Amino acid sequence: MSVLVVVERQPGAVDELSLQAVTFARALADGAPVHALVVGAHADSVTPTLGEHGVTTVHVAEDEVFASYAPLAVARATAELAGRLRATAVVAAGSERGNEVLAHLGALLDLPLAANCVEATSGDPARVTRLRWGGSLLEEADLHGDVKLLTVAPHAVSATHAPVADTSVERFAPQLSDADRVIRVSARTQAATGGVSLAEAKVVVSSGRGAGSAEGFGIIEELADLLGGAVGCSRAVTMAGWRPHTDQVGQTGTKIAPDLYIACGISGATQHMAGCKGAKAILAVNTDPDAPILASADYAVIGDLHEVVPAISAELRKARGA
Amino acid sequence: MNVLVCVKRVPLTGGRIVLTDDAQAIATQHLGFTISPHEECGVEEAVRLVEQSGGESVVLTLGPAEAEEQLRDAMALGIDRAIHLVTGGDEWDPQGTAAAIVETIEAERPAGVEYDLIVFGNESADAGGYQVGIRVAHALGLPVATGLKGVVVSDGSVRCEQEVPGGRDVFVLPLPAVVTVKEGLNFPRYPSVPGRMRAQRKPVAVRSPDAVSPRLAKVRLVSPPGQKKEAEILGHGPEAAPRVIEVLQKIGVA
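Going down the list, the sequences are from chains A and B. Count along the first sequence from 1, add 68, and you get the number used in the working numbering. Count along the second sequence from 1, add 1464, and you get the number used in the working numbering.
By construction, these hints were calculated from the structure, which means they are not laboratory data. A hint or two may mislead.
To be verified - In silico BS3-like pairs for lysine-lysine, Cα to Cα no more than 30 Å straight-line: (1) 1693(B) to 345(A); (2) 345(A) to 1613(B); (3) 348(A) to 323(A).
Treat the numbers as computed from the prediction; the structure is a model and nothing was measured.
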């Protein structure tokens, strides 16, 4: 038996979530070989990193279609390789692309797929624990099929080292049809840059319906600027048209992971909390001491955000001697 | 063009999720129901595409009898007709769901119904399987692009835009095609009173697909452990500001 991991690359490195998937796969393989699939030119540059994380063989699929992202072609290459290796499981990161490629693979092989797993045991069926509701709820499920297909929820495990002495590299040219090549990225448009990216901000200051209006976000923007952070908001705010959807934190908005999340006038609906559970600390400003968000917050100020937030900004300026 | 949009009835969960005693579902006796925000944008996109270029917009759901509410909601926004694949209330796994949708689309073909675009949410709000749209595309032999925040149809193709760090990746697929979309694709309209009244008279075709044994079989639902925290109250009102600054300094973000 063996386990195959579909690995995503960032420029010059292995994607962190893919290293987590490799670590997860190692536990699932329970001593059996862990193989990795990478696609595209120079893909084997990641071999040393994968070897440090316990990959015994790196398989490089080569074809001109892999010059840009082509999910069906990656799935076709994965299917071919998994068959040749007689893999008992195929694992990928629970990223947008990992989930997409494995869904294609599930369709190609007519096998079930368990997305965003946090635990899995080998066996038939395999018992998995996976995320529901963006992580607000867990599901234990039985995963059937000759080959177990699963993706690993982001940050369910930390990537750890388990060095392999001599990781080998094998190249192959997968059999691809014209239809496999149709689904590929043909262009990339650049986003207008400006401000701090919400997903990568060290501090996020956000508000909900409690802001009262689009203008009510002035004090939120002021505090975010002072802290060098980004402005976020709840879904109620984007539905009201006060802020663009790109500012929305939540299950169907942006998932954030700041050092501090300052949530002002946000009740803490599960839809919202699914987007900010990556925050290292949460400070809630709320008039209601029983608001659900207080059950997830590390710190709280009980009071009206319209009074509290300007007071924090003023105190911050004072502390800086400005 | 003809557009099919597929949606799923899910509870409006609010602040805290409570499970039924058998841990098979969320206790919903005090909850309303809705569809995923991704799917709301899918419904809006279907209505807009048909407003612009003519044809027919259709909404489909697989779910219990009560899911007719979500079909009427979609028709109140301008969808022309609905298809309801009625289940006994048990949840279907992604493969079973996709197979029932494919069977329905194929059953409509002899009557001359062909869809140019089939729209799904990127993932359902509850199960989050990330796969039904892709499985339907494969079964019908159609191309599919996922996670889209831009969908532009022209000259027999669809330009699909996916948000990625730093910009958008563009896929161009020939029609017919399947797309899965995300919230932020558009700004969904609110239903009007006349729209709600018209929706009551629009047709809902009912089918009863045979349930198949799930291959991803739910055993039980579990609340995530250890999330409940005891927040440290820094104070009440603006007088709490100095304590807040101390915390900001301690965390290292002041």
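Here's how the hints hold up against the structure:
1. 1693(B) to 345(A): 12 Å, holds
2. 345(A) to 1613(B): Holds, at about 24 Å.
3. 348(A) to 323(A): 13 Å, holds
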